Amino acid sequence: MSSVEWANAVRARINQQITRPVHVTAQLLTLNGLLYPFKGILFFIDNYQQLLPIMLSVLIPQLLLHVYVYFILFWALLPLNMAICTLSCGPLGVQFGICQTIQQCSWITNHVYKTYFIKGKLNKIFDTTLCLNGCDRIVIPGKLKRLVPQTLGAQIMELNPINLTIFLIQTTYTCIISFIPIIGSISMFYNQSVFTGEQSQKRMWQLTRQRPRQVRYKIKEIEGDLFLFGVACQVLESIPLLGALFCFTDHVGAALFACDHREETGAAGRNNVAAAHFSPVQ
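Quick note: the sequence shown uses my numbering, first residue 86, plus one each step.
No lab work stands behind these hints, which were simulated from the structure alone. Predicted, not measured: the structure shown is a model, and the values here were computed from it. It is possible that part of the hints are untrue.
[What the hints assert, rightly or not] Mimicking DSBU-like on lysine-lysine, the simulated pairs with C-alpha atoms at most 35 Å apart in a straight line are:
1) 206 / 124
2) 209 / 303
3) 303 / 199
Sequences and hints are given; from them, build the entire structure.
Rendered as structure tokens:
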């Protein structure tokens with residue numbers, strides 16, 4: 086990278102940090118990201134012939150495992166949350182403890198589930214939605230690097246001790262932060278919602294071969310929309326039993342969100358190029 090390119094990159098990074106609160110606020114006010122999970126439900130209904138078989142192939146095991154893990158986590162975390170919230174919030178500690186436990190259980194269960202059990206099916210839902218929405222030009226080249234399904238050995242390697250340790254550290258940190266009265270719950274809710282939005286777009290970044298630096302830039306660019314998308318997803322997926330169904334429709338909405346954002350970015354880029362080459366007649 087030349088010195089000019091490096092200077093431009095630094096300038097763009099600083100400008101993004103300065104304008105970040107403005108962009109996030111503007112995106113929150115438009116409520117655009119909040120609508121995509123519900124658009125995903127409607128799109129799933131309209132195209133159920135292609136999408137429903139993918140969901141049904143893992144639905145029953147998913148429901149059973151979801152209920153089992155959620156039940157164990159709930160009763161494991163509830164006493165600790167109620168004790169801490171009662172000491173810090175007084176009479177309202179019981180209510181705060183129950184709400185906090187539900188929030189923690191939903192986040193942990195959904196994260197483990199999506200990451201280690203139904204990741205392949207969710208990717209297939211995402212890819213199929215992109216193709217149905219006219220974005221097959223993204224899916225096909227993105228898959229050329231891997232023409233065969235991931236082997237069992239590769240799947241096992243994803244569960245190696247390093248990845249599991251990182252996950253446990255992240256989960257422990259999240260739980261510790263959530264124990265801080267009021268502020269901790271708000272901080273946890275915001276971070277979880279943004280993280281949920283980030284994870285929903287992970288497949289798109291894989292297909293388009295985005296580098297980690299580019300991904301971080303895009304996350305900050307659409308942070309407000311990712312937060313709203315994550316809020317809607319967490320609300321839908323926290324509904325008992327139905328949350329397992331919404332897990333799939335939310336991925337449909339994520340694909341629609343990714344496709345629309347890519348088109349908007351491409352249109353903005355084309356407009357900038359056209360403006361740069363336009364020279365009015367004097």
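Distance restraint between residue 209 and residue 303, which requires alpha-carbon spacing of 35 Å or less
holds (23 Å)
Assess, step by step, whether the Cα of residue 206 is no farther than 35 Å from the Cα of residue 124, and give holds or violated.
Between residue 206 and residue 124 the Cα gap is close to 20 Å, so the pair holds against 35 Å.
Between residue 303 and residue 199, is the straight-line Cα distance small enough, at 35 Å or below?
holds (22 Å)
Violated hints are absent here; each numbered hint is respected by the structure.
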